[in-house]
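A.B. asks: Chain residues, written in single-letter form:
Protein chains: 2
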Amino acid sequence: MTVARDRLRWNGWGRLGESVAFSPARRAALLAALGPMFGRELRPAVEPVDLEEIELPATRIGPDALRRLRAACGDDGVRTGRLERITHAAGKSLPDLLRLRRGDVASPPDAVVYPPDEGAVAAVLRVAADAQLAVVPFGGGTSVVGGVEPRLGDGQRGVIALDTTRMDALLRVDERSLTATAQAGILGPQLEDALAAHGLTLGHYPQSFEHSTLGGWVAARSTGQFSSGYGGIDELLVAVRVVTPEGVLRTLEVPRSAAGPDLNALVLGSEGTLGVIVEATLRVRPRPAHHEERGFLFRSFAEGVAAVREASVAELPVAMLRLSDGPETALFEMLRRDPERTLDVATLGLTLAARLGYGEGHCALIAAAEAPEAREVRRAMAGVRALARRHGALSVGRSPGRSWRRERFRTPYLRDWLLDHDVAVDTLETAVPWSRLETAHDGIVRALGAALERHAGAGVAMAHLSHSYVDGGCLYFTFLYPVDPSHAVKQWTAIKRDATDAVVAEGGTVSHHHGVGVDHARWIAAEKGAVGIAALRAAKQAVDPQGLMNPGKLL
Amino acid sequence: MTVARDRLRWNGWGRLGESVAFSPARRAALLAALGPMFGRELRPAVEPVDLEEIELPATRIGPDALRRLRAACGDDGVRTGRLERITHAAGKSLPDLLRLRRGDVASPPDAVVYPPDEGAVAAVLRVAADAQLAVVPFGGGTSVVGGVEPRLGDGQRGVIALDTTRMDALLRVDERSLTATAQAGILGPQLEDALAAHGLTLGHYPQSFEHSTLGGWVAARSTGQFSSGYGGIDELLVAVRVVTPEGVLRTLEVPRSAAGPDLNALVLGSEGTLGVIVEATLRVRPRPAHHEERGFLFRSFAEGVAAVREASVAELPVAMLRLSDGPETALFEMLRRDPERTLDVATLGLTLAARLGYGEGHCALIAAAEAPEAREVRRAMAGVRALARRHGALSVGRSPGRSWRRERFRTPYLRDWLLDHDVAVDTLETAVPWSRLETAHDGIVRALGAALERHAGAGVAMAHLSHSYVDGGCLYFTFLYPVDPSHAVKQWTAIKRDATDAVVAEGGTVSHHHGVGVDHARWIAAEKGAVGIAALRAAKQAVDPQGLMNPGKLL
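Here the protein sequences come in this chain order: H and C.
Residue numbers for the first sequence follow the working numbering, beginning at 1 and rising by one.
Residue numbers for the second sequence follow the working numbering, beginning at 556 and rising by one.
Excised from the complex, chain H in its bound form (with noise of 0.2 Å):
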């Protein structure tokens, strides 16, 4: 089974006829909001270009390669029509749905192909090999840096994108060793699901989650929303089986091993150059029967931070410490207003906080725990409320919570929905030390506020501590601008710009988990080092000598 991608909005995010969860007349409120920060008013942009109406090129692959890619795929496998095309021609990265919703698809893969195992897989690179074509691995298409972005290496002559998504089922489950074999098409519910039938979770939330393939986690470096608790993808990979134009490039099931570098490692953060994965052992966990989420609220960003660190160090057992800037604060607030209700109790305890001191600049700290037992969630809570109390939070109880759970893969929608308004939407994030922590957080906030203001006239930016570590944490922004219609993609590539720059001169990397794609690729080596990038380079040559493998990425 493949994704049914016409089902999906293709220039933006998610399902079709679903959006966020905000009631039409929050989202008045929002744009009513927004309008004078941007010194304008916010109206209905201009219609997004229909599907039909892209001119796409012709396919650049000759009939002598489909056919053997038909043999190896399928006829149902091999596609190369309008809407597969064009569903694979780009990712979900602001710049991504700008050129898409003005029908800007210059360079559509010329085919997309489903390969439904390894053997197809690998019959699929020696096509490309002998045809001299690209192959981008495309699992949900979700890269917010450019990750799927069909580009051609040195005399190529075309595009594949091979899309993983048929390979989607969960091979086996060792539920004594709590580890989960799966193969890397399988999307985040489909997985969930799946471990569920056995009692197990691997608790992998990106923001993606919905949409996102167990291979393009791996590939990317994913983290999820719950990370905290159960650690990144880095760190739920046993094993791993990558089909590179030289032969199955695979890890052994072990716990740890010293034989030499870990391979895992290298194929973590790879984003599809080294060949396509194909496989995946991870570590699962007995599925949380229990989970709660809690709201407080701290009078600045460095208590709060405190407090973020605090219970990192002690290695508190929760799943997530998400803790808003002030601005972030605020927006969360307004979105959480609801003009319709006459009795807003979110309204009312805000202005019952700031007579406590609660005021201007204060910051919203969602701390969540599950656990397959109620008595660890309480301890895990417990430890995270006597934390924030002795840094001065008040605590505001289970609500914010719920609705942060209840909204937390919905807010891409709300991206769709401001890009109809162009208003453009954007984040970025980055890792530091917790003793840079807070001087980071500050100069790439006021380093996107000059950008904005230099790029767009007006704008917003905000952050939140998304993940926390025994030595520091991920610094996640958002920013808001007016969107220069005529300019789009050149305004945001200059706010981008402005903004990594100042990322990697508060000595962040330029990714905590969004990865390199295209639009980091120009800091890489300067984060890798010369030594890193050649060591780097000659790893991939070695298992892609023609330079197959999604050209363009990350290196």
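It cannot be assumed that every hint is accurate.
Quick list of the computed label-pair ranges, beta carbon to beta carbon [as the list claims (entries may be wrong)]: (1) 672(C) <-> 402(H): 52 to 60 Å; (2) 497(H) <-> 941(C): 54 to 62 Å; (3) 522(H) <-> 857(C): 50 to 58 Å; (4) 857(C) <-> 70(H): 48 to 56 Å; (5) 941(C) <-> 291(H): 19 to 27 Å; (6) 197(H) <-> 1059(C): 27 to 35 Å.
Listing some non-contacts, in silico: residues in chain C with all C-beta distances to chain H over 10 Å [what the hints assert, rightly or not]: (7) 581; (8) 611; (9) 659; (10) 1011; (11) 1107.
Calculated directly from the structure, the hints in this document are not laboratory data.
Because the structure is a prediction, the values reported are computed rather than measured.
Heads up, the beta-carbon is just placed ideally off N, CA and C, and yes, glycines get one too.
Given the coordinates of chain H, work out where chain C should sit on it, guided by the hints.
C.D. replies: Okay, now just chain C, sitting in the frame of chain H:
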């Protein structure tokens, strides 16, 4: 300051004048017990060859290269004397000791250099490149897999042992981020002492702790006795600096990154084949003020494994769970028995335990916990006790744990003393998932027994579960056999081959924490696969195109 090699045993373990903490009576009892197992009386062996009697080949490094090495490292930093060359000619594996004791130092390094800093390391590599010399990075020299054996690569004319122990400073501590940066040549106790001044600990205690270096731990992907609590060196490493022949490979000091594959993982386990690790930043923790060790007896290995597995799945905050199988438990009990005491409490206790059903084949578990707060230690131990009881264990109090803690770095001394009686002791280890752990244990012990019978006429093999994870554990095997003095190394090689074949047949890794070196190189291709090996070789080639770094190891 460098290590005073003249105060260490050149042909055995540790410091001159120190020895295993067993009384002469206990030693005699051990010999008396082992003799019948081997079907012969154990007598003192031929005395080892004296250091001064060893004939060394002349140094193959020309005067020009020596002059340049002296310019880089200072006159005292370049040594070609007998003691230096011999102490850098081998590690501390059983075959190393067998060879050294009979005076077999066929290929010592031609010179030993002690660079004072990163610049000097780079200068040494340039000399090596120009003069076609191999460079063997040498920290504590405690490799048990031949990792520091001086070998010539193709076309090379000599070997430099690059001793890192002059670079032994703790450079900085980030108390807020709980990280510490040290030079790679710092020894375990030096590092812990320096961290203690800040109230911190790394918590990394490999068996070699007293004599091994930070750089060696990283190079060999080390784990320690308490790595169940603190994590292996791979989890403790934040960032690293490596001087390669092509320049410095360094990673960013951030808690996590998705900016491409993790280069730390390429360095971890690279065993000196990429370059010289000169600096590492590590996750450290508040120093534990409280610790507790406790012993338990299980009726069977299977019941003990079940308890340890459940403790690992529950992620109990223990530092160590060390479960011996029946034969190892019996040996340890024999070692603890003190023939000079009229009232031997340990023996009395075992007699009582046997009446309670913990007789033939009973297995000892030692659990350890340490933490800054006493209640954390209590919580961990209460968890272990509950699980142990559920699996039928008898708690035997703190005495076995105290005895383990007291002697935990001393057992390697036992090997030397046994070798004085032509009794060989060696160890090997692997990791497997829980679902295969008992089968693997039984299969490998059986194969070891057969190998000892075949190649030594007799011997005993035993194991313990040394490290456990949610998905599996490390099995650590110890075996003793009577040495055939005329073919000691050949005999060992035959036993090692049969045993490691058995490890691989059981699906285990050839090493959970000892590394590859030369001893496991034979099996590495199968473990990593042809494509994996090609990728690793290419990465090495990129940073060391002339193959200067530690030839003949790992790949």
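A.B. asks: Let me make sure I understand: some of the numbered hints might not hold for this structure. Which ones are they, in numerical order?
C.D. replies: none
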